[in-house]
Amino acid sequence: MFSRAAHTDQDRNRLMVGLAEQVLRPAIDAAVRAGSEMIHLEDPWLGYVGITREDWAPLTDALTILHRDLKATLAFHVYFGDAAPHIGQLLQLPVDAIGVDLVQTDVKALGSGWNKGLVAGVINGRSSILESPKDLVDVARYLADTVRPRNLYLSSNSELGYLPTVVAEQKVQRLGDAARKVKELVSV
Amino acid sequence: MNEIVAHKPLLTHEVGSLDKPGWRVKAYAGKPLDAKDLEEARAWGERLQVPEYERLLDLLRHAPFDKEQKAELQRWSSLYAVRLEESAGLDVVYDGEQQRTEMYDWAVSHTNGFERRGSVRAFDNKYYTKEAVVGPISLRSPFHNAEFSYLVSVAEAELKIPVTGAYTIADWSFDERNRAPENLLQPAAERARQRHAARRDFVLEVARNMIRPNLEALIALGARWIQVDEPGASTEADELDLFVDSFNASVEGLNAMFSTHLCFSDYNLFFPAIERMEHCRQFAVGFANYDSRELGASDADRPGYQVIKKFRDLPYKPALGLGVLDIHSDFIESPELVRDRVLYAVKVFGDPARIHVTPDCGLRTRSWKVAYEKLRNMTAGVELARRELQL
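Going line by line, the protein sequences match chains B and V.
The first sequence begins at 590 in our numbering and counts up by one.
The second sequence begins at -17 in our numbering and counts up by one.
In isolation and in its complexed conformation, chain B is listed as follows (with noise of 0.2 angstroms):
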């Protein structure tokens, strides 16, 4: 994301490359080191803009970087775009999840056993109008049921930066009951 939206006239994918080595990955330690156990990196340059076929290679590169003997989770999270286009090359890239916004992908696209985990963007981080806990169960479980990742998230599609705090607490709640009902379901 920093790489292409970076004001450069150097190569972009030596940039992103260059970024993973020296800024994100001590970043990331010194947060594992914190007691973080995911990391989560969001990336809505991909999503909204795209990524043309040669660059999946360094960005392969710098998530190696980033993900080489990490004593924590790593995610990929696609947002403020259709992933679809996207799953089959994401699902080979060098982390433990892939971030998918399900606001803008069909979840029938995303096929079915994952062999990484699913960061499903459930939750509108752009619109005021607050989910109901019945549909965020029922994705759920279909995800669970049909895709079958190896570890199922249930989070906001974007950041929440969006939304005013009243209204992201309300979602985050309606998230969280979400969660603990599917947990329910899934237990018994």
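Since the hints were derived computationally from the structure, they do not count as laboratory data.
Please read all numbers here as calculations on a predicted model, not as lab measurements.
A hint or two may mislead.
Stated by the list, open to error - From chain B, some residues computed to sit far from chain V (all C-beta separations above 12 angstroms): (1) D600; (2) T649; (3) D671; (4) L679; (5) L680; (6) L725; (7) R739; (8) P753; (9) T754; (10) V771.
Stated by the list, open to error - Far from chain B, some chain V residues (derived; all Cβ distances over 12 angstroms): (11) R29; (12) S101; (13) L166; (14) E198; (15) E234; (16) D312.
Claimed, not checked - Covered stretches of chain B (in silico footprint by chain V; criterion: 3 or more residues with CB under 8 angstroms from a CB of chain V, positions within the stretch not fixed): (17) 686 to 696; (18) 713 to 721; (19) 726 to 737; (20) 740 to 752.
Each residue gets a CB set at the ideal place from its N, CA and C atoms; glycine is no exception.
Chain V: place on chain B using the hints.
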């Protein structure tokens, strides 16, 4: 039929906002004023030769202020801002939104159908109070009439009134008319189709029921040039047609000159959508923010202005409000730099009558001292260009 107001070549004007003086902000908020505030009011009153400014000083010494006194203070602030722009030599002036809270809040707080939701980030560490539309939109009462009537009574130069546009109002609001959340198990394509239809309905309702009646009221009071501000226009690249439709729905058939202000975007995005915007007689667009500060009027010297060729080629031949002042910096553009930016634009357009000269955007991000110096140099630079072009 929209009116085309005849203007001289290289017309100069502001774009919208100006900072609000400390005495105006504090007095309106009920905060105590100090000697510095009074000195600011005195110094600018004297510098701008505001008639009877001593009456303002006397009023400011008598806090706290009741509702009518606060309104009077807002009018003083308007008068000061108009005089600042006239003193800087602008051909067309406005009061920099001195009587409005700001461009979004002022509009929605005078309109039925909206409810306040809370603060959200606009950019960086800037926040605004976002509202949701929850029911039918209608104008509570025309919300720029009092401002316009006052400005007509005090402005010596020609007036232009900015009005926040329909697309921006909708884009900066939540849409809660239909409170049903999306069912994510439904096909994404169908959900997207429904979202786009609701969005179109929302934006056009704002245009027809909020913006247009407000424009009609201003025209009835004598407004001849209305600038439709659309800083949100390029937020969604796939909605540029909707932005154009909303502009057309707002102004079509009204008898005034309409322009629009676009800022801080990749302006290439607007083409070809704005080819259908034939009711827009001028696009005021910020370019200085992207440009070099070196002198020269060649293509290579003016990297921030390359896209103006696309505005030149619009089939209905609108004027271009050429942004020549970077409003994000205290850097004071020299008259020579302004001149060269103008000369470059005239060379590209081949017609100085189609070039108007403006700041990139509203100057509220700058102090009055910096804004005044920038505007004075802008008008001085235009004079240099006029001389060079023998206009």
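### Query
Which hint numbers does the structure go against, in order from smallest to largest?
3, 6, 8, 9, 12, 13
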